[in-house]
Amino acid sequence: MPITVSLSVNGRPVTKEVEGRTLLVQLLREHLGLTGTHVGCDTSQCGACVVHVDGKSVKSCTMLAAQAQGASVTTIEGLAAPDGTLHPMQAAFREHHGLQCGFCTPGMVMSAVDLLQHNPSPSETEVREWLEGNICRCTGYHNIVKAVLSCAETMKSGAKAPAAAAE
Amino acid sequence: MTAPLDTAPSGTGIGKAVRRREDQRFLTGRGTYTEDINRPGQLHAYILRSPHAHARINGIDTSAAREAPGVVAIFTGADMAADKVGSLPCGWQIHNKDGTPMAEPPHPPLVTDTVRHVGDQVAVVIAETKNQAKDAAELIQVDYEPLPAVVSTADADAPDQPQVHPNAPNNVCYDWHLGDKAAVDAAFARAAHVTTLDLVNNRLVPNAMEPRAYIGEYEPSTGDYTLYTTSQNPHVIRLLMGAFVLSIPEHKLRVVAPDVGGGFGSKIYHYAEEAIVTWASRKLGRPIKRVAERSESFLSDAHGRDHVTRAELALDKDGRFLGLRVATKANMGAYLSTFAPAIPTYLYGTLLAGQYATPAIYVEVKALFTHTVPVDAYRGAGRPEACYLLERIVDVAARETGIDRAELRRRNLIRPEQMPYATPVALTYDSGNFPRILERALELADYKGFAARKAESARRGKLRGLGLCSYIEACGIAPSNVAGALGARAGLYESAEVRFHPTGSVTVFTGTHSHGQSHETTFAQIVAEKLGVPIENVDIVHGDTAKVPMGMGTYGSRSLPVGGSAIVKAVDKVVAKARKIAAHMMEAAEADIEFKDGRFSVAGTDKSVGIADVALTAYVPHNYPLEELEPGLDEKAFYDPKNFTFPNGTQISEVEIDPETGVVEIASFIAVDDFGRIVNPMVVEGQVHGGVVQGIGQALYENCVYDPESGQLVTGSFMDYCMPRADDVPSFTVQTDETSPCTHNPLGVKGCGEAGAIGGSACIMNAVVDALSEHGIRHIDMPATPNRVWQAIQAARVPVAAE
Ligand code: FES
Ligand code: FES
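Residue numbers (my numbering), protein chains in the order written: chain A, 1 to 167; chain B, 1 to 803.
Misleading hints may appear alongside valid ones.
[Stated by the list, open to error] Computed list of lysine to any residue pairs in SDA-like fashion (alpha-carbon distance at most 25 Å, straight line):
#1 A/K146 - B/P681
#2 B/K462 - A/E129
#3 B/K573 - B/D658
#4 A/K146 - B/I670
#5 A/K146 - B/S668
By construction, these hints were calculated from the structure, which means they are not laboratory data.
Looking at chain B on its own, in the form it has when it is part of the complex:
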């Protein structure tokens, strides 16, 4: 016998900071990312991309390129069209105010006659080596007829603008709204004060450190396809690519997403390159590999955010919020990426109550096509945009009304006794104690001591600001039927299968995917504790459609609340069956069997049997109730959540600005978060740190810029697009509050993957504007680069002529 199988070591259960099981391979260079995989006989693909933002293609001459060394084939959109390859599908349909569906233009994997953004796919060169493919691509002559382009979110729907698609007049994809307009108008009519704020939520490039990579492979003897892909959700790719693009049935298509080097949303979507390599692998009868260079990632990974908004907040004389009115233009880019339409609508408009009891809210969102890379979910996806708007306008309102910003929030927070709380924008918060967390954060940040710290900074010639941000997010989108009624074209459940093997080890198959989230550790903690087996005896398997049941993958902080719940459900089924077997083994009534720490015992006796012995009996069913019970101890579960989960928290940061240079330095950043019950505090803190730095990145450094004339991407590399580095950010203080667990899932968990990024940018910008307020500055847009901050200070110093 090895370690006793029946008791989980006390240090690995739910709530323990178990060190990660995935680390050994990553730390020794033995991870297996898609680029690390090589298939026998593989060829290499290079995608020729458009250098123009908008152009008609009058011809493509590939003759010289075909003669280049090593070239095996060159395909264009015409070849794919001849094979009836379908358009890349969109997974969410939004309806306009008048009930008509959104404009949904085709999105061919390789264009046929028009390119619509710099980086659009024009042709694929396939050669023996990567260099040969790339060299040959330079010999392709494309006859482009450049056309005028539009890239600006604010102006894309003006009547005189270039049109991105013939069937989307004025570039409008949809014009959507939510909330009670009349109630909001009435609230504004009786307001004592109205705060109005125009703001831009800057466009970001997700930039997971691993560039996207793919290998398509076709086995002629069986007709089976395999796609290795850097994906957050291999089953979704199998469904979308198989059913809509290449017409490959599920049983002939296997999608493998091995170790994936970060996603943050950008690896959810079905990308053209997946279809290209899979389709071409059959045409050529050899595996085809394609790995993006970082410059290609900038031009082809879906971007994030990009909103232009006017927001108005109505307050009564005591500072209570009466109504909120929001009008947003959201940039979709040139085509609809997989979940793009849902982001500025159901993941944005629905979050505009935030933590506040605002009784009336009305939001209008116009989604617009432009000649830019498609925009879709990026960490937080819609919710950071909602949070930024709300927390900025609350701060501006506090300044305008003279009410302390913490006090203004306090007066308007939804109270715990109001839970469950139905907001005016379609959500029902199930749990949360917002005031408690606000007070805890204020205490932790020594809010009262800020004036003294500010004075101390001033003595050194620095402007100090404090930023407060109370965020809420909706995670684990669900239930499927509700989402379906709102336009989702997919289910939103998660799957799990638990195989309890004959000699006591356990393999768990999950439909979620880990690309940094630590599922191999945290999911094993849950299973080890629930089954009472040592964690070393539990393996978590994900990322291969040939192994795991149909599941939706990882996005929107859903892995634990939805995927973890599915695992618990499957574990419960295992225990229920094992209980029956144990009753038989101990000749007792099932009702008398108790299960604790991996042992079944007969109540009131000293008879007991370990779950591993029960498993052995299940697979060697000699003494077994074969009449009533099937052998084996494998169970599968699908879990469809009853509601979203609502992680929430308060973040407080302090910044120091050098007025002579405009440089912003972060002096401190604290976060107090309610993620419900915590499975692994070490992992949770790590998720918060990473999210916060992405929020800081948006607030201070990152900005995706297109040239308004040419439509060229100006920030197309790490030389021009400023990623936050180690010396740009501080260490953080992160605490959690577990007193308000989620009420509708078995673990009481809410999800933690996006929280840092949802509040982070608002928190920092509130601090920056607070610091600048002594110069009379009321708002600046992100990112608060030294240049922008310095300019704002200079502009504020110019004496304004009396009107």
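Pulled out of the complex, with its shape left as it was, chain A reads as follows:
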């Protein structure tokens, strides 16, 4: 039975008719063409699919599109400022080589952004524990952790994040 879902994605209202079993990640990738959100597993373990739903990081493979009815969703495509300026977390990943193949990166960045919303000055251990739900096979995490810690510093010292489109 197809259902209709209406939500806001990266600040734009969207309404789609989808199969009831459609996952949020499928809605984003297959119905809205937002392929920045990735699927790396089928057991909700890898975190490649993390997006923000009403400002909180969520594994979008773990949620039905129907559950996002009325929600405000931000994906990696909506994180940079409208003029293209990278979010400080994106910029920190680039500066510290926090990505190699780039496949885990969107989920990793979205998780890390949410960490700093909860805890603006995390310790290395806290960063590692927060990112425990995001698997990266390339980087060995070292540079990801470095990027997140440095982003925390940057953001504390006043460089403001561009308002993410939907939040």
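Chain A is already provided as a structure; the job is to place chain B with the ligands on it using the hints.
Okay, now just chain B with the ligands, sitting in the frame of chain A:
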């Protein structure tokens, strides 16, 4: 005019930590991975896989499935056989001790009458949507007659075991050896001490984060096929699939490997699904897409490692190594994957000298078929297995002889003055200063201070151990003719084409492939520096057989030593031609022309011309020596290396073990590596970090387990197969030593992609066993999970009755 074209900004040359040019698209969600591509009118394929490890198929009833909504077609092995689709080929032939060739059973893309591992391909359902294809697959009735299965590497060749293939008696694929057996026997006869060690190199699942994905497409008006694939080497796939499986000539088959989300070896091989979607796209006249779910990846991506080994080391009274004897059984899985036979032989046996001057080495390797997923190269491929064996037995020998483990290594290292050094197992190391790197690592790790740190840990009730590992690897397999004589069925060169465009920008086409390695940045650094143009004016193109010349792709840390060398060769040709043109433009003799930082000048004068102006002249050849020189400034090169490169280094780790829980925590990990000359230190460090964590994964967490009775894969998801996570590993200290560049390639580079993974597992296990040694534990097998460590401690605590 934009930026001056003639001088590369100082911050982007070779040796600089240039930030990556690929990052912008990956960080903003605009990468294009195969799954992100959709072709007009595409259908979706779902592969029905065997639930049995071994079974005869007495019939397949697809009638209900064909009626399911959205289903367009269902094909089985019989349909492919009717179209004379070939077997998936193997790219390396090994010979037995007696000179006969290995057993090479057929590997059909869809099975015809027998399944040989859980996950073997039985049928393909093609439907309008992915869900429809998957739902319909559940309606297919397969009449399986289950047969007994064998999964154990140690026992697969016992006489009473189930047979995987009719033409491989006792499941033996080959029985190979290397080295001088008589010399080794003589060495053992005069040894003062012999150390013997039995060990298992655990089976791993590579698990690149992007699952494999494919789109096959056929254009009836031209007869052209296109395959989009998650591959590390699109040209190899075009060759293998085109020539051996589907009989499509190269000019009618284009293979595109766009952004690829990690490979680590697992995306080198030609997989059944590539042939299935390409073949079916013609049958149905529509593009066909297939994306693996992670559970399918576990059941169908080639696995890695899986050795069972007995090793013996003979030492004289001073601790000098006299001889090494190794007998290994290597699991091939149910079929031969593309390069599988080469891994436990020419990438393993040949590395058993390690960094040591052991004069006599003999290795025997029996490769065995089992009812498991095929095993092939996984990051390091053969070399981590060799390193693990060697570095473990050296540690055990140190403990048995009472010689300090650093000192025992020191006494046996090949000295820099012995370079080039011919090992007893067929390699000639060209360069390296092993003692220097060992000492540097010992210093960096404060080896002398370890006892104090151990005592401090003990005060907290923890067991502390230090692990030392001096590794060497052979990268950039070559030369082609030597490899050919050893059984390779492909060339091992690399290609490059440099197009210097009329207004000063440059496009470089490389036959290697980047799936995380950062070629778009590092290769551009090389080209920008060599041509003296700004890096923004250089683009690197890879991953499309319609664009790049025939090349072998990326594996075995070859991209820079082999692919980079090809680029340098092509750049040199561009400069040589431009020099002639510049001489003409400045009315000077070619011999008087100097080239520096993008400018040609006439020696001893102030006359000069920039390379961009030379390029414009080459394409607008009005004032041009047309009689002697063709217009244009495009050059192509193929580079076939003269030898392997030999990256090497020493890693030192410290672990703390809680004896009450068996949990191992890594306290520190340092690496000092010789990769020759470094192009981008930031990228190199990142490669080491990633490799080390894969080594740590093998040592502490990862283990691919099959149920011995049913042959079921027990660790078939991230719930059961433990991937290293951010909170499982520490930060690392990584340093490089550039004092011993490679002597036989133009950049002096050795390759860095696998190093971390080659030493990592040995380094950690040496630390774990060192920590456990106070309980009298001499060895435990990987992975050192809390359960295994705790059990070992408990077993050691039980008082042993006097014999
Ligand atoms: S896709 Fe792996 S957690 Fe969502
Ligand atoms: S960058 Fe490749 S998986 Fe993280």
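Checked hints:
1. As the CA atoms of A/K146 and B/P681 are separated by approximately 16 Å, the hinted pair is consistent with the 25 Å bound.
2. Between B/K462 and A/E129 the CA atoms are separated by roughly 22 Å; this keeps the pair inside 25 Å, and the hint holds.
3. Simply put, B/K573 and B/D658 have alpha-carbon atoms about 61 Å apart, too far for the 25 Å limit, and the pair is violated.
4. Note on A/K146 and B/I670: the hinted pairing holds, with a Cα-Cα distance of about 17 Å set against a maximum of 25 Å.
5. As the CA atoms of A/K146 and B/S668 are separated by approximately 16 Å, the hinted pair is consistent with the 25 Å bound.
Checked against the numbered hints given earlier, this structure breaks only hint 3.
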